[in-house]
Amino acid sequence: MATPAGAPRTVVGLEIHVQLLTASKMFCGCAVSFGAPPNTLVCPVCLGLPGALPVLNRRAVDLGLRTALALGCRIHPRSQFHRKNYFYPDLPKNYQISQYEYAGHPPLATGGALEIVTEGARRLVRIRRVHLEEDTGRLVHAEGASGSLVDFNRSGVPLMEIVTEPDLRSPAEAREFLTALRRLLQFAEVSSGRMEEGTLRCDANVSLVGDDGVPGIRTEVKNMNSIRAVERALAYEVARQAEARRRGEAVVQETRHWDERRGVTFGSRSKEEAQDYRYFPEPDLVPLEVDEAWLERVRASLPELPAARRDRLMAAFGLGGADADRLTASPAMARFFEETVAAFPDARVVANWLVGEVAAYLNEHGTEIDAITLTPRRLADLLRLIEDGTLSGRLAKEILVAMIKDDLDAVAVVEARGLRQISDEAALGRIVEEVLAAHPGPVADVRAGKDRALGFLVGQVMKATGGRANPEAVNRLLRERVGS
Amino acid sequence: MPETPFETARGLVAAYRAQRTRPSEAVEAALAQVERHEPRVRAFLHLDAERARTEAAAWDRRYAAGEDTPPLAGVPVALKDNLCTRGAPTTCGSRILEGWRPPYDATVVARLRTAGAILLGKTNLDEFAMGSSTENSAFGPTRNPWDLSRVPGGSSGGSAAAVAAGFVPLALGSDTGGSIRLPAGFCGVVGLKPTYGRVSRYGLVAFASSLDQIGPLARDVEDCALLLDAIAGPDPLDTTSARVPPPQARAALGAAPRGLRVGVVTDAFGAGVAPGVAAAIREALRTLEGLGLAIEEVALPTLEAALPAYYLLAPAEASANLARYDGMRYGLRAAGADLVDTYRQTRRRGFGPEVKRRIMLGTYALSAGYYDAYYLRAQKVRTLVARDFERAFARADVVVMPVAPTPAFAIGERAADPLQMYLADVFTIPVNLAGLPGLALPCGFDGGLPVGLQLIGRPFDEATLLRVGHAYQQATDWHRRRPPVA
Ligand SMILES: [Zn+2]
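In order, the protein sequence lines correspond to chains E and H. Numbering-wise (our numbering), the first sequence opens with residue 56 and increments by one. Numbering-wise (our numbering), the second sequence opens with residue 256 and increments by one.
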């Protein structure tokens with residue numbers, strides 16, 4: 056990317072934690088579910104009770120393998136779990152079962168890459184590794200209670216960690232990467248990928264490299280709860296490090312937390328002890344062996360990935376690249392598109408409405424296509440009402456919003472609001488006569504060949520009908536009566 | 256007419272089935288024996304007489320009705336107190352777990368209940384099974400029924416003493432570096448450490464997960480086989496439990512071991528082995544020869560390296576396994592000024608000195624900069640030990656060593672010298688490192704104290720060990736001797 060001469064280059068690497076879409080936890084049979092009362096989804100294993108032993112959830116491995124395949128990683132036929140030792144009250148065993156990487160002990164998968172589009176160009180961001188681990192519990196600061204409480208419902212929930220090489224060159228690239236990764240994870244049905252709900256979490260390592268090529272000190276930024284927050288936090292951190300560099304001050308190697316409200320990062324401790332996690336192979340789990348047959352099963356079950364889906368939509372429905380991109384922004388959107396087309400076969404019209412009006416609504420309300428009341432059938436019904444002339448396009452836009460807000464079918468909104476389009480020529484003719492009588496000036500202008508005046512008269516008819524007049528019919532009637 | 260407290264488990268079951276006695280009578284006999292001798296032996300940490308009586312009465316009725324009963328129905332059994340028992344105390348001999356009652360049964364406990372055993376109580380042990388004498392229990396030592404001034408061995412000293420003293424015919428122990436075989440040897444009973452993976456570890460409070468194995472203690476080999484059959488076999492809750500069919504050990508005892516080759520480890524008769532122990536082992540070998548077994552010499556060149564390797568690997572795993580005792584969720588919690596201080600005070604007060612020593616050793620061995628020199632190197636030794644045994648098993652079907660270099664030592668004698676204490680396990684530790692089955696059985700006396708013979712087998716070949724041991728016991732009567740205390 057364009058860097059002013061002498062300005063330091065930005066180097067960003069990401070560590071992404073992905074909560075896997077499994078019904079049960081990583082090492083026990085407890086259900087994975089969001090919002091259950093505290094400590095109701097627990098057992099001796101995920102509470103780390105003495106004597107309890109972990110049993111690996113093979114479904115979680117399936118999802119890890121799916122991701123590794125989708126990222127083109129090298130999958131290791133034999134990988135190992137390790138214990139990562141540290142004390143914290145949310146960690147019931149005071150060690151976390153994870154996969155560490157060292158000689159002879161590969162994680163689930165290494166290598167691989169994900170393509171991003173940045174400033175119009177395609178670029179590969181290298182993936183260092185993909186590994187599996189268990190989540191911790193959650194500290195709860197209860198109202199009126201002294202100290203903290205711990206909710207272990209999340210303890211042992213399956214996590215996948217994806218680590219990139221430090222290949223990202225700007226906060227915007229980090230955003231692009233996360234967007235592309237989330238999309239991949241959603242299409243692969245590996246994770247819901249919602250940063251706001253914590254099913255996707257991202258820490259970022261950021262440093263600056265001077266034009267002398269000497270890398271600067273790296274900081275790790277945490278506590279970002281949306282892709283946008285990652286971009287903002289990185290932008291702040293890059294500026295902070297650049298400023299320090301300009302002033303000749305040292306950047307401290309530390310973990311910094313993003314404060315969303317104040318829009319700043321802050322260091323938690325000035326002097327950080329290097330943590331020694333004393334990793335060693337987890338003796339309670341036999342090594343994880345992934346043979347060709349297992350891989351083949353996972354390969355066969357891999358859902359259509361975003362790139363393939365995009366190409367197929369373009370080929371099957373004659374869509375342009377930009378529309379196809381937007382329709383494959385999420386699997387829910389792609390599914391919505393295809394289901395709507397099944398009920399209303401004019402794919403271009405469906406695409407226009409989805410990337411236009413529907414996307415605008417989603418944007419404005421900060422929501423997702425699968426979180427609103429609109430269904431493919433409802434949208435198809437609405438489009439049919441436009442096609443048969445019952446509704447004008449402008450009216451249909453209002454109706455769409457009402458349908459979503461009130462959880463109604465298009466016909467129900469039309470009937471409830473009396474919004475059916477007026478195409479009856481006799482009725483329209485009376486209104487046209489009234490408008491012509493009330494505006495002799497513009498009528499004269501039209502006769503004098505000024506088409507803009509015709510537009511004014513159309514507008515007056517629409518105003519008089521509350522926008523329900525069929526615009527084509529109004530145009531024709533006006534021209535006939537004015538005699539232009 | 257109550258049975259003698261020294262009846263075997265299979266003898267009891269046969270007597271119940273023939274209606275010569277009832278489980279209630281056997282339980283009363285056991286409780287009477289406990290009442291007489293427990294104040295001096297102190298084998299138990301918890302005893303549930305009421306529950307035992309209730310369960311016995313239920314079995315009485317089923318035997319009286321002539322119903323089909325499972326193999327251990329109505330047999331009193333003792334459990335080492337590091338096996339989780341639902342709703343009943345499980346302390347691991349530690350203050351830090353005082354008062355904790357697990358919400359679940361260990362797999363072996365569930366299997367014993369299914370087999371009809373009456374769980375009489377929980378037995379004393381070195382804290383978290385770390386020790387060779389049962390002196391490291393936070394609740395005081397157990398004494399050897401053969402000589403109350405001596406240790407019963409450890410860490411399953413309570414279980415071995417309970418069997419030796421006639422409290423129960425059967426008990427379960429756990430063996431990480433010799434913790435079943437050493438006390439069996441010291442107390443003159445039979446103890447089996449099964450192959451790693453033979454018995455589920457689910458519900459065994461972990462000391463060193465890659466070495467721990469639950470196993471039976473009994474008065475003779477046949478009862479030992481009976482108990483192994485009740486607890487062995489794969490368990491979906493323990494992925495390190497092997498997917499191999501159960502041993503059917505008792506059924507294998509019938510075949511005479513004639514023609515099998517016995518490999519004598521020559522390195523195990525060197526300095527440090529008491530002459531009386533060496534003599535008893537040699538005598539046992541002559542007996543085996545007389546039974547038609549061929550005696551071979553085999554070498555275990557890594558024998559000396561096994562002990563230091565073990566004292567890196569086992570503490571390393573223990574340092575992680577014992578991290579969970581932090582006062583946050585169960586067990587002891589000492590008040591501290593803040594979180595870290597609470598951890599510190601809880602662990603300072605909750606753990607005894609040997610446990611602290613091993614946590615420190617293990618933490619050190621895993622630390623950055625030391626991992627390769629200690630942990631990794633010890634793992635390499637472990638591999639070499641396993642290879643030594645593989646070579647030995649090319650020449651022999653069973654490998655023989657003493658259980659320990661000496662008979663039971665005096666209480667307090669080695670308490671101040673951990674290295675001396677650790678030497679008691681020099682012949683048992685290699686077997687854990689290699690994951691092999693090892694059987695300890697009485698083979699004589701040295702100065703009035705029992706001497707243990709150790710038979711070591713190929714992986715999952717408990718049947719051969721038990722066959723040889725059983726044939727040996729048909730030809731000898733060491734296992735029929737009773738300690739003076741009882
Ligand atoms: Zn659980």
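These are calculated hints, taken from the structure and not from any lab test. Quick caveat: nothing in here was measured; it's all calculated off a predicted structure. Ideal Cβ placement from N, Cα and C applies to all residues, glycine included. Treat the hints with care, since some could be wrong.
[As the list claims (entries may be wrong)] Derived list of chain H stretches under chain E, where covered just means 3 residues or more per stretch with a C-beta under 8 Å from a C-beta of chain E: (1) 339 to 352; (2) 355 to 361; (3) 437 to 445; (4) 515 to 525; (5) 581 to 587.
[As the list claims (entries may be wrong)] Now the stretches of chain H that chain E is said to cover, found in silico as 3 or more residues with beta-carbon under 8 Å: (6) 384 to 398; (7) 452 to 459; (8) 669 to 683.
Hint-by-hint comparison with the structure:
1. 339 to 352: Held - the region 339 to 352 of chain H has 4 residues with a Cβ nearer than 8 Å to chain E, which meets the minimum of three.
2. 355 to 361: holds (count 5)
3. 437 to 445: Since 0 is below three, the answer is violated.
4. 515 to 525: violated (count 0)
5. 581 to 587: Per the Cβ count (4), the hint holds.
6. 384 to 398: violated (count 0)
7. 452 to 459: Coverage by chain E holds for the region 452 to 459 of chain H (4 residues, Cβ < 8 Å).
8. 669 to 683: violated (count 0)
Violated hints for the displayed structure, listed by number in ascending order: 3, 4, 6, 8.
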